[in-house]
Structures are given as C-alpha cells and as structure tokens.
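With chain C's structure known, arrange chain R on it following the hints.
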Amino acid sequence: MSATVTARREPGGPSANVSSRRLTERVFRIREFGIIAVLVVFVAITMSIQPSFLDEQNIQFLLINTTVFALLALGETIVVVSRNVDLSIGSVLGLSAYLSAGLFGEHHGIPVPVVFLAGLGIGLACGIANGLMVAVGRVPSLVVTLATLYIIRGIDTLIVGGNEVTAQTLPAAFTNIAHASAGGVPYVAIAVAAVIGLGAYYLRAFRSGRELYAIGSNPEAARLAGIGVGRRVFTAFTISGGIAGVAGVLWAAQYQTVDSLAGTGYELTVISAVVVGGVAIFGGSGSAVGAAVGALLLSAINSALNVLGISQLWLEAIAGFLLLVAITLDRVISVKLVAALRRRSSGVGT
Amino acid sequence: MLALRHAAKSFGAVHAVVDGSADLYAGEAHALVGENGAGKSTLVKMLAGVHQPDEGELLIDGRPATLHSPAAARDAGIAVIYQEPTLFPDLTVAENIFMGRQPLRAGRRIDRRLMRAEAAALFERLGVRLDPGRICRGLSIADQQIVEIAKALSLDARVIVMDEPTAALSAAEVARLFEVVRALRAGGAAVLFISHRLEEVFEICQRVTVMRDGRPVLTSGLAGLTADDLVRAMVGRQLAQRAAAGRRQPGEEVLRVDRLTREGVFTDISFRVRTGEIVVLAGLVGSGRSEVARAVFGIDRYDAGSVTLAGQPLRRASPATAMAAGVGYVPEDRRQQGLVMDMSVQQNMALASLDRLRKAGLIRSAAERAFAADWAQRLRLKYGRLTDPVSRLSGGNQQKVVLAKWLGRGPSLLIVDEPTRGIDIATKAEVHALLARLATGGVAILMISSELPEVLQTGDRILVMREGRITAEYSRAEATEEAVMAAATGQLETRAS
Numbered sequence: 040m041s042a043t044v045t046a047r048r049e050p051g052g053p054s055a056n057v058s059s060r061r062l063t064e065r066v067f068r069i070r071e072f073g074i075i076a077v078l079v080v081f082v083a084i085t086m087s088i089q090p091s092f093l094d095e096q097n098i099q100f101l102l103i104n105t106t107v108f109a110l111l112a113l114g115e116t117i118v119v120v121s122r123n124v125d126l127s128i129g130s131v132l133g134l135s136a137y138l139s140a141g142l143f144g145e146h147h148g149i150p151v152p153v154v155f156l157a158g159l160g161i162g163l164a165c166g167i168a169n170g171l172m173v174a175v176g177r178v179p180s181l182v183v184t185l186a187t188l189y190i191i192r193g194i195d196t197l198i199v200g201g202n203e204v205t206a207q208t209l210p211a212a213f214t215n216i217a218h219a220s221a222g223g224v225p226y227v228a229i230a231v232a233a234v235i236g237l238g239a240y241y242l243r244a245f246r247s248g249r250e251l252y253a254i255g256s257n258p259e260a261a262r263l264a265g266i267g268v269g270r271r272v273f274t275a276f277t278i279s280g281g282i283a284g285v286a287g288v289l290w291a292a293q294y295q296t297v298d299s300l301a302g303t304g305y306e307l308t309v310i311s312a313v314v315v316g317g318v319a320i321f322g323g324s325g326s327a328v329g330a331a332v333g334a335l336l337l338s339a340i341n342s343a344l345n346v347l348g349i350s351q352l353w354l355e356a357i358a359g360f361l362l363l364v365a366i367t368l369d370r371v372i373s374v375k376l377v378a379a380l381r382r383r384s385s386g387v388g389t
Numbered sequence: 017m018l019a020l021r022h023a024a025k026s027f028g029a030v031h032a033v034v035d036g037s038a039d040l041y042a043g044e045a046h047a048l049v050g051e052n053g054a055g056k057s058t059l060v061k062m063l064a065g066v067h068q069p070d071e072g073e074l075l076i077d078g079r080p081a082t083l084h085s086p087a088a089a090r091d092a093g094i095a096v097i098y099q100e101p102t103l104f105p106d107l108t109v110a111e112n113i114f115m116g117r118q119p120l121r122a123g124r125r126i127d128r129r130l131m132r133a134e135a136a137a138l139f140e141r142l143g144v145r146l147d148p149g150r151i152c153r154g155l156s157i158a159d160q161q162i163v164e165i166a167k168a169l170s171l172d173a174r175v176i177v178m179d180e181p182t183a184a185l186s187a188a189e190v191a192r193l194f195e196v197v198r199a200l201r202a203g204g205a206a207v208l209f210i211s212h213r214l215e216e217v218f219e220i221c222q223r224v225t226v227m228r229d230g231r232p233v234l235t236s237g238l239a240g241l242t243a244d245d246l247v248r249a250m251v252g253r254q255l256a257q258r259a260a261a262g263r264r265q266p267g268e269e270v271l272r273v274d275r276l277t278r279e280g281v282f283t284d285i286s287f288r289v290r291t292g293e294i295v296v297l298a299g300l301v302g303s304g305r306s307e308v309a310r311a312v313f314g315i316d317r318y319d320a321g322s323v324t325l326a327g328q329p330l331r332r333a334s335p336a337t338a339m340a341a342g343v344g345y346v347p348e349d350r351r352q353q354g355l356v357m358d359m360s361v362q363q364n365m366a367l368a369s370l371d372r373l374r375k376a377g378l379i380r381s382a383a384e385r386a387f388a389a390d391w392a393q394r395l396r397l398k399y400g401r402l403t404d405p406v407s408r409l410s411g412g413n414q415q416k417v418v419l420a421k422w423l424g425r426g427p428s429l430l431i432v433d434e435p436t437r438g439i440d441i442a443t444k445a446e447v448h449a450l451l452a453r454l455a456t457g458g459v460a461i462l463m464i465s466s467e468l469p470e471v472l473q474t475g476d477r478i479l480v481m482r483e484g485r486i487t488a489e490y491s492r493a494e495a496t497e498e499a500v501m502a503a504a505t506g507q508l509e510t511r512a513s
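Residue numbers (the working numbering), protein chains in the order written: chain C, 40 to 389; chain R, 17 to 513.
Okay, chain C solo, but in the shape it has when bound (with noise of 0.2 Å):
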C-alpha cells in the first residue's frame, strides 16, 4: 500500500506523458476523424461505380447544396452542445427567405447587402424570441421551439398565402450568388466555410465558447462555477436563429422561388447532419467543423443516389439508418473511452 503512494509522488516519467497525451489527442478528434472517414470511403465506392460522381459540375452541385445545410448545421451545434435543441431554424429559414427576397419585387434597385441584413434581422428576431423563452421563461428547448416551429409556420402562410417570389423578380446580382465560383468552388462555399471555420474556432478558443460546452456537460456544476447559464443560452438560440435568418437568404438566391412550403422539414436533416457529424445529443461535445462535414456526407449521399440512378425515396431510410450508426457508434466510442481512461488512471496508481 505505501509503495504506492510514494510511486504516486514521483514525478511523471516523460514516457506516461507523451503516451496519455496521444490517447487524449485521439480521443479529441476521434469523432471528426470518424465522420470523414465515413464520408472518404463512401465517395471512393460510389466513384468505383459511377466514375462521374465527382467531375466538376457535380462537385459544384453538391457545394451548393450543401451550404445551407452545413450553415444551419453551425447554429445547431452551438444550441446543442449547451443541451439544447432549436427545432424552429426550418420555419426561420422559410420565413426569412420570402421576406427577404420579396423586398426585391417591392423596392426595386435594393443592394443585395441590405436583402441580407433583413434576413439576418429577421432570424436574430426569431431567435431572441426563443432564447428569451428557454433563458428567462425556463420552459425547455424542446417544447419551445416545437411551438415556434409552428407559430413562425404559420406566420409565414399567412403572410404568403398563395403567393410566391418567383425568379423574374430576383436581380442577377443576387442569383448570381449561388452559382459563382473561383476555380470550380463556388464563393458561397468558401464563405460558408470560413463562417464554420470562424464559428468552430469561436467555439474552441473563447471563454463563453467553452462556456458552453460546460453547460451541456453539467448544468449544475455550470451555475456553482459561476456561469450566467441563461445568459450564454440565450445567446445561442440568438446566433442559431441569426444563422437561419442569413441562411433563408442563401436559400431564396439558390432556389430562386419562394412559397410557404420554403425550408419545412429541413430542423431534421440539420440535426440529423449534427448528431452524424459527432456533436452529442445532449451536450458537452462535439465540433462545428464535424456537424458540417455531417452536412456534406448527407449531401454527398442525396447526389450519389442521383448519380446512381437510385431512387430517391431511397434517401430517408438511408439518412436514417445513418444516424442510428452514428449514436450507436457514439455510445460506443465513449463507453470504450472510458473504459480506457479508467485503466490508465488506474495505471497512474490510484
């Protein structure tokens, strides 16, 4: 028994350091790692069938698609992580696309810029109304935003009735958009990643990012070390409804028409796309950079059953039967860790 404690109070052996240090540097990205893998082996079977998969135009194709999603994909995670969920971000996004895209039918000559903004305005408004809710009304994410889910729906039929902004109305300024690209790669691409990049550094690197994840990981233990919980709660659903405002904006230019129906049903995909994309369910882990490459695997799967010629009906059941890999996978994966960790703790000699 005392070998033990005096063997404890040496100092660490350089060798313990640098094996633990890789064990946890693979236990941190092991999840991204996971997913791209994932995503690279099934690109290579799909291009082993379908050498076509990924010539440019459908590389460009798949860009696209994916934007929106893997944007939205960044304002879900940072909801999640803090043990929460906005299932409101597909009605945001259907009702910031017609708003905002109608100005241009009802202010002609409009700068694009400004079209943006009403968007952003729009979705922060969203937002504020559902963090305000789950911060200060200390109702959960769930039910909240299952009920704006309905209520912005609603609002957006009402305001759009049978109506819809169609192409003819859009500037080519504005369609454009989604459709330039330097390279092969689309700008909008690029933009959305260097928003995601921005986002998943936020996460990592400042105090409230972190702040987050500590919430999601143990709210008690949160609020005893000092942490405005519902402040920094808040502030989440405002940026994931910003976030949806800015990406009915992107919708609108690449679609081009806009009815009621815009962007339903889309809160499940992205949270979809988050969970696959290693970010848990609820809260305390994951990456933003991780729900995106979520995005762009499920995407990739939409194209590939088109390149393939499968029917599309095909795509639920497979984005599902995913997603139940990926959390049987998680649960997997951390029941391992810790089974890992506990060793090597015990290796330490406790």
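None of these hints come from the bench; they were simulated from the model. Just so you know, not all the hints are guaranteed correct.
[To be verified] To give an idea of the chain C side of the interface with chain R (calculated C-beta under 8 Å), a few residues:
{"hint": "1", "residue": "S256"}
{"hint": "2", "residue": "E259"}
{"hint": "3", "residue": "L263"}
By construction, the Cβ of each residue, glycine as well, lies at the ideal position given by its N, Cα and C atoms.
Same frame as chain C, but now just chain R:
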C-alpha cells in the same frame, strides 16, 4: 480567519441549524462531526453560499460578510469540495480547473498551453500525477476530488471545506488526500473537514466541533480527547424514554437473508425477520442499508446470496414477485419514489391494490374511493378531499398515504426506509405507534432509520451496518446510543483490535 457566529437556518418548520458557530484558523484543519441530521451539511451550505443564514453572522478576517451565491463564496476565498464532485465530464481536467477564468492571450482567446502548464504546476504543488489534457469522464472519485482541490488552489482559496471527502475513497486514496490536506495546511489554508470516520479526524485535524441537534456541543483542541469522548458528545442527549410497549412474542420466520452480496455496495449480509418483530437496520447514510432493502424487494440485483420469504426462495430482481409474495416497500424518498405527486390521494392509495379494485379490467372508482376512505380513517389522515392531489398534503400525511398504499395489500413483510424523515414530532409518534400495532398484528417489519432515538425506541432487534457490512447486532435490551454509534462509525473494531 473565518468565523460563523450563532447562525440559524430553518426549512419550514424544521430547524436545521439553531446556533451554528465555528472558528477556522489559518494553517489548521478543523473537524466537524455529528450524527446524521445534526446540521453539518446545512452549515456547509451556508459557508458555500448555497443557503443564507436566517440569523447570525459570518466574519471573514474579522469583518462581517454575506454570501449571496456560490460565486460570492468563491470570491471570498471559500472553496467547498462536496462528497460528489461537480465536474464537467466532457471537458479536460485543465478546463475544469479554470472554467470561466481561463488564461487569455491576444484577442481574448484562451491560452490553452498556458492553461495546461498552470494546471500541471498545480498538480505538482499537490504532489499528484494527473494529465491536465485528459477529459474528466472516467476519473475516479478520488481524482475528481483532486481536480476540485486544484481548482480551490488556483482560486487562492484560503478556506477549504471538505464535506465527507473520504466516504467513497479507498485507503490508499485517503492517504493521498491527507498528504494534500497537510500540504494545504502548510500553505496557510484553513480546512474544515467533515467526516464520520473518527480515526481520520484524529489523524488529520487539530480542532473539532461536535454538533448535535443544530448546535455545537463541544469545540476544543483534539489533543487529549479520545474517540469515546467524541461519540459521547455526538450522542449525549438524554436517552429518549423507550415506549413501554407490551413485549411482543416474535413468531415464525418470515424473511431470511443469507450472505447477500452486491459487489462494492454490501457484503455478506445475513439476517432474519420474524412475524411480530421490528428489525431495524441502523448505520450512517451511505453504509448500504437502503441498498440491502432495495435488493430484498427486488429493485436492484445482487451478485451472491439468497432471499427467502416464508420458506420460499424469492426470485431476484423482480419487485412484482416480491409484491405477490406479500412484501410491501415504503421507500426512502417518498416524493420521488413513493408517490405520484400529481395524482390524487385516493389514486395513490389504490395504486398497489389495483388488481383487487378492478372489474373486467376497469378500475371501479366507487371501490377505490371506499378503499381510500377506509384507510384514511384508520391512519387518521388529515386531508381536504380524497380527490386532491397528494402534493397538497403535509410530509407526515404524505407518508401515511404511502403506508396506506402498502397496508391495503395486507403485507406479511413491510420494509420501511426512513419512515419519519422530515415529519413533525406528533406524526412521527403516530407512525411509530402504527408500526408497533402492525407488528403486534403479526406483520414482520424491516425498518431503516438514521435517527438513534427512533432506532432504540421502535426496534426489537437492531442491526448496525458500516461500509456495506453488518458490524453489530443488539437486542432491544442491549442497545444503547453509544454502542450503536460506535458500531456505525467503526470505533467498535478499533477497540476490539
């Protein structure tokens, strides 16, 4: 350095702390001991800023201070380490230590490298090896406490409160923790150490405060005191008069538990309960009493041993079988486990007897009402209407509803876990009388209680558990508060050896 003077705190009608006073000095470890319910935890929560005292004052460095929140206590230099550490399992050890106070570099970004280096430096000061970069999930309780202590160090906490830090630790882990405590003391911190293990108190502390019924009854340097002195001070009250109940003659054996073991929870538990007998499982909170009861009733699994009811082996892990065999179980936490708070009084009472109250698969509400009214009268339940939600009743009356629920089934064995916790004295006496009546009527009763007077007053036989084992058995005549307390805190073995 820190002094609490005449602090009082009540929860409703319960006076948890009447006159809490303690003085902590720099470089000294001060022990706080007392029975369950003596007010130790409430006192800790006042220091932690979780509860505010109703009366009295807190002095820090001689100046009065108010702690509105855990953050305020932290800023005042008080760090509390709870029995169950509160960490973020998904984040790294270093992040856990510095959450909200991470070292920053340009642009208000977190300086991860510096954060890890500082965490490593803290562990070096504490003389422990822990990788700051690993996540906290999977850390042993001992290592989690080390992380909490490192957090306290990083805050320059001058007062460190440890609430039963050793309860879940092995001997080697305790030895390491004590090295850390000694290092903290040497660094000039004041430590308030709460423990039920008196040998630890003598090992690590210089002064002691013994609390009883919300008051300090002894504050003194430990030099010259013995464990017996502390036990006497902890128990010290005038012995409650024992109910001069007519001696019941125990009949046939109802429950027989043989060498029951659940890995890491309880070991080698054997006892029997006969008709007309009240057997009490005494011991400290966490000694494994409730877990034994749960295993007997079939809620939890056990790894070895057997449970026999009226000569028939009872299937393990099946509450339905236990119920069918005539076992009733009144759990410790009546709000969470004993009642459906939003359902009505009568629905709650009928819950365990639905098979007798139904006809063609439907519950006859007239029968349910009659059933409930009958039991409400027998137990002298105070209620508005039987259809009121049970949450409207007082704690004592809620407990009567739980009892009625099981008594309605006419059990041959009734397991009651802390039946009078948080109940006023009058209702408490009623519950005791009820249990005695039931025993006289031939029911076998297994009761768990943390209150010594209750243990001695109601028990025909008293089994004392400590750390998952039965350490002593007393008949009603043999049992004294000192003997039970000594067996529960491990003083018995020390003296025997």
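How the hints compare with the structure:
1. With its C-beta approaching chain R no nearer than about 4 Å, C:S256 sits inside the 8 Å limit, and its interface hint holds.
2. At a threshold of 8 Å, the smallest CB-CB gap from C:E259 to chain R is about 6 Å, leaving the interface hint in force.
3. Restraint check, C:L263 versus chain R: the minimum CB separation of about 5 Å is within 8 Å; hint holds.
Consistency note: the structure conflicts with none of the earlier hints.
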